[in-house]
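Chemist: Here's the letter readout for the chains.
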Amino acid sequence: MTTTPSETHVGQRERPQSDGPILVVEDLSVTFPTQDGPVTAVKGLSYSVEMGKTLGIVGESGSGKSVSSLAVLGLHDAKASKITGSIRVAGTEVVGLSEARMRKLRGNSVSMIFQDALAALHPFYKIGNQLSEAYLVHHPSASKRDARRKAIEMLDRVGIPQPDRRVDDFPHQFSGGMRQRAMIAMGLINDPSLLIADEPTTALDVTVQAQILDLLQDLQREFNSAVVIITHDLGVIAETADDVLVMYAGRAVEYGTVKQILTKPEMPYTWGLLSSIPDVAASTDARLIPIPGNPPSLLSPPSGCSFHPRCAHVDKVPGGLCATELPALTAASGANHLKRCHLPNPELIYRTEILPEIAPDLVEEIR
Amino acid sequence: MFAYLVKRLISGALVLTLVSMAIFLLFWYGPSSPAQTICDRETSNRCGNRIEIYERTLGFDNPVHEEYLKWAKGVFVGRDIQIASTTYECDAPCLGVSYLTKQPVSEELVERLPATVSVAIGGAFLYLLFGIPIGVAAARRRGSVADKALVSSFLFLSSIPYYLFALLTWLYLTVLWEAPFVSDTGYFPITENPAKWFGGMFLAWVALGIFGCTQYTRYSRGSMVEALSEDYIRTARAKGLPERTVVYKHGLRAALVPVVTIFGIDFGTLLAGTIFTERIFDINGIGFWSLQAVQAKDLPVVAATALFSAVLLIISNLIVDVIYSVLDPRVRLS
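Residue numbers (my numbering), protein chains in the order written: chain E, 1 to 367; chain B, 1 to 334.
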């Protein structure tokens with residue numbers, strides 16, 4: 001229990017030491033056939049994550065954030081979904097990989113933690129047994145005693161008090177925050193290179209949420225793993241992410257560093273997300289502006305830009321292009337900053353129209 | 001846990017007292033006159049004035065509460081029962097004396113119990129043996145052609161009235177096809193001839209088992225479909241567990257809980273007697289006995305079998321609750 005991380009983890013598995021990204025997603029599309037016709041939940045998505053970095057994927061419900069990450073682990077039912085494109089984890093192509101080889105990857109070099117740990121942990125098995133099970137399946141030669149020791153060590157690592165006793169508790173005997181910690185411990189027990197966190201703090205209150213995010217960051221530093229954090233909360237993104245991918249209706253609509261996305265967003269949907277964050281520190285003049293309408297049905301997505309029916313800036317694009325032509329994901333003003341929008345001068349609109357609405361004091365600063 | 005059991009047993013005893021009162025009142029104020037029936041039988045339908053002797057000795061001229069107390073006392077310490085000029089000794093637990101055989105009812109009940117228990121255990125075994133695996137297999141292939149065919153054919157099977165199903169089983173296998181070994185249906189004590197016991201019971205088990213397993217297939221399929229769509233199943237897959245472990249250790253473990261609950265109650269009901277099965281396959285168990293008693297207006301037997309089912313239901317409910325708390329750690333008995 002007192003072993004240092006380096007002693008415990010070095011040499012367990014060959015860890016990619018190269019500079020290449022651990023996760024590369026290229027032109028990923030995920031389609032589910034339904035009774036009403038095929039639903040393409042993710043369309044032509046590409047991104048990559050380097051070791052030690054955190055990518056935040058943000059978007060409303062149904063934007064394809066979770067679907068794309070479940071595809072990384074091959075968790076979609078092969079019979080009920082069609083996946084095209086390429087997903088490479090440490091150089092291994094995952095799309096079309098056999099179930100047996102996929103299983104070796106899951107929970108081992110790539111692991112996932114889910115929102116709502118109460119539902120995601122099995123109600124009938126003790127926390128310790130669920131952790132040990134995750135360890136044993138990838139360490140077949142380890143004894144049950146080893147696995148238990150490892151489980152206690154991990155619970156200790158994620159800050160569960162008296163881990164040697166709590167290891168025999170059932171999930172319902174843990175508090176919400178502790179359950180999520182246990183979930184994280186389970187995700188990290190095999191020292192994954194890539195951790196996907198699907199809304200890890202959604203079901204938690206704000207203080208616990210902050211603790212969990214801190215914990216995730218500490219552990220990421222300690223384990224040097226890459227993290228993909230899926231959320232609809234830009235606050236979470238601001239706190240944890242290095243890079244941000246904004247998704248809408250199954251497509252990437254903006255991509256950049258966290259600074260670019262939060263300070264110089266160039267896509268009206270991102271503006272909408274930023275405008276709808278309540279800010280306690282802002283002046284009382286600042287308005288909370290919701291994005292009008294609802295996410296589109298993926299059965300019959302809007303023509304042209306998927307966001308155009310909800311976009312307030314459609315008129316600024318000549319020739320009604322928004323409704324007829326899907327904008328390409330092209331370079332924005334910053335380096336490596338990508339956007340999917342027809343607007344000719346988004347920086348100007350953001351500075352003159354959006355920023356004064358959501359943070360008037362910031363406008364002063366910029367001037 | 002102990003306090004809970006004591007509490008449940010006390011409430012069970014209360015329920016039984018109320019049930020016994022209700023049965024006794026129905027018995028007392030019921031439309032048939034037991035005295036008339038028994039008098040007619042014993043005097044070859046020349047009862048006439050002798051009815052008064054029967055009514056008096058059976059206690060029908062006493063107030064009902066006195067007779068109930070007499071009956072209740074008999075349950076605990078036994079009593080002597082007089083019918084006309086003869087007195088019958090009835091040891092505790094005395095549930096009365098059969099008007100037909102003049103045997104103490106509780107003794108007869110114990111005699112017939114092995115037959116009913118044999119039917120119940122064999123039938124219930126087949127429920128589970130076929131019902132759960134078929135249900136699980138269907139749940140794993142949910143929406144496939146095989147699943148749909150199975151679900152609809154089982155729905156068809158279970159829509160047939162059970163007595164018709166059992167009757168047709170008996171008719172085809174014993175009368176028309178004269179299936180060897182199993183055609184001689186009935187209860188033969190297992191201690192005397194296990195093979196004959198098995199052969200005699202076999203068709204009853206098959207009829208009961210096939211019919212019951214359609215229900216258990218539906219229960220376990222539904223329960224399994226629900227369990228497999230839970231978040232923790234996705235977690236189990238994300239851990240890299242083999243599909244077998246995901247389905248059985250994580251899915252079935254959760255899906256079994258409601259099935260076990262239904263099974264406990266069903267098994268209690270089976271032990272209380274399977275009237276159609278025992279009647280059709282000529283098994284002299286408690287179900288058959290209660291049917292005969294109703295036809296012969298043998299009221300002590302009717303009352304005893306009714307009370308016996310109440311006891312079994314109370315006990316099986318209690319056992320189910322205890323098992324439930326063992327299976328689901330979130331449930332605490334208190």
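Note that these hints are calculated values from the structure, not bench results. All values reported here derive from a predicted model rather than from experimental measurement. Some hints here could point you the wrong way.
[Stated by the list, open to error] Derived DSS-like pairs (lysine-lysine); straight-line CA-CA distance at most 30 angstroms:
#: 1; chain 1: E; residue 1: Lys-316; chain 2: E; residue 2: Lys-53
#: 2; chain 1: B; residue 1: Lys-7; chain 2: B; residue 2: Lys-73
#: 3; chain 1: E; residue 1: Lys-144; chain 2: B; residue 2: Lys-249
#: 4; chain 1: B; residue 1: Lys-249; chain 2: E; residue 2: Lys-126
#: 5; chain 1: B; residue 1: Lys-297; chain 2: B; residue 2: Lys-249
#: 6; chain 1: B; residue 1: Lys-73; chain 2: B; residue 2: Lys-297
#: 7; chain 1: B; residue 1: Lys-102; chain 2: E; residue 2: Lys-79
#: 8; chain 1: E; residue 1: Lys-53; chain 2: E; residue 2: Lys-79
#: 9; chain 1: E; residue 1: Lys-264; chain 2: E; residue 2: Lys-53
#: 10; chain 1: B; residue 1: Lys-148; chain 2: B; residue 2: Lys-249
#: 11; chain 1: E; residue 1: Lys-316; chain 2: E; residue 2: Lys-264
#: 12; chain 1: B; residue 1: Lys-148; chain 2: E; residue 2: Lys-82
#: 13; chain 1: E; residue 1: Lys-79; chain 2: E; residue 2: Lys-144
#: 14; chain 1: E; residue 1: Lys-144; chain 2: E; residue 2: Lys-82
#: 15; chain 1: E; residue 1: Lys-316; chain 2: E; residue 2: Lys-259
#: 16; chain 1: E; residue 1: Lys-82; chain 2: E; residue 2: Lys-104
#: 17; chain 1: B; residue 1: Lys-249; chain 2: E; residue 2: Lys-79
#: 18; chain 1: E; residue 1: Lys-104; chain 2: B; residue 2: Lys-70
#: 19; chain 1: E; residue 1: Lys-82; chain 2: B; residue 2: Lys-249
#: 20; chain 1: E; residue 1: Lys-126; chain 2: E; residue 2: Lys-104
#: 21; chain 1: B; residue 1: Lys-249; chain 2: B; residue 2: Lys-102
Chemist: All hints are to be evaluated individually against the structure, with a verdict given for each.
Modeler: Tested hints:
no. : hint                    : verdict
1   : Lys-316(E) / Lys-53(E)  : violated (37 angstroms)
2   : Lys-7(B) / Lys-73(B)    : holds (24 angstroms)
3   : Lys-144(E) / Lys-249(B) : holds (17 angstroms)
4   : Lys-249(B) / Lys-126(E) : holds (13 angstroms)
5   : Lys-297(B) / Lys-249(B) : violated (53 angstroms)
6   : Lys-73(B) / Lys-297(B)  : holds (24 angstroms)
7   : Lys-102(B) / Lys-79(E)  : violated (69 angstroms)
8   : Lys-53(E) / Lys-79(E)   : violated (33 angstroms)
9   : Lys-264(E) / Lys-53(E)  : holds (21 angstroms)
10  : Lys-148(B) / Lys-249(B) : holds (25 angstroms)
11  : Lys-316(E) / Lys-264(E) : holds (19 angstroms)
12  : Lys-148(B) / Lys-82(E)  : holds (23 angstroms)
13  : Lys-79(E) / Lys-144(E)  : violated (35 angstroms)
14  : Lys-144(E) / Lys-82(E)  : violated (39 angstroms)
15  : Lys-316(E) / Lys-259(E) : holds (26 angstroms)
16  : Lys-82(E) / Lys-104(E)  : holds (22 angstroms)
17  : Lys-249(B) / Lys-79(E)  : holds (23 angstroms)
18  : Lys-104(E) / Lys-70(B)  : violated (74 angstroms)
19  : Lys-82(E) / Lys-249(B)  : holds (28 angstroms)
20  : Lys-126(E) / Lys-104(E) : holds (24 angstroms)
21  : Lys-249(B) / Lys-102(B) : violated (55 angstroms)
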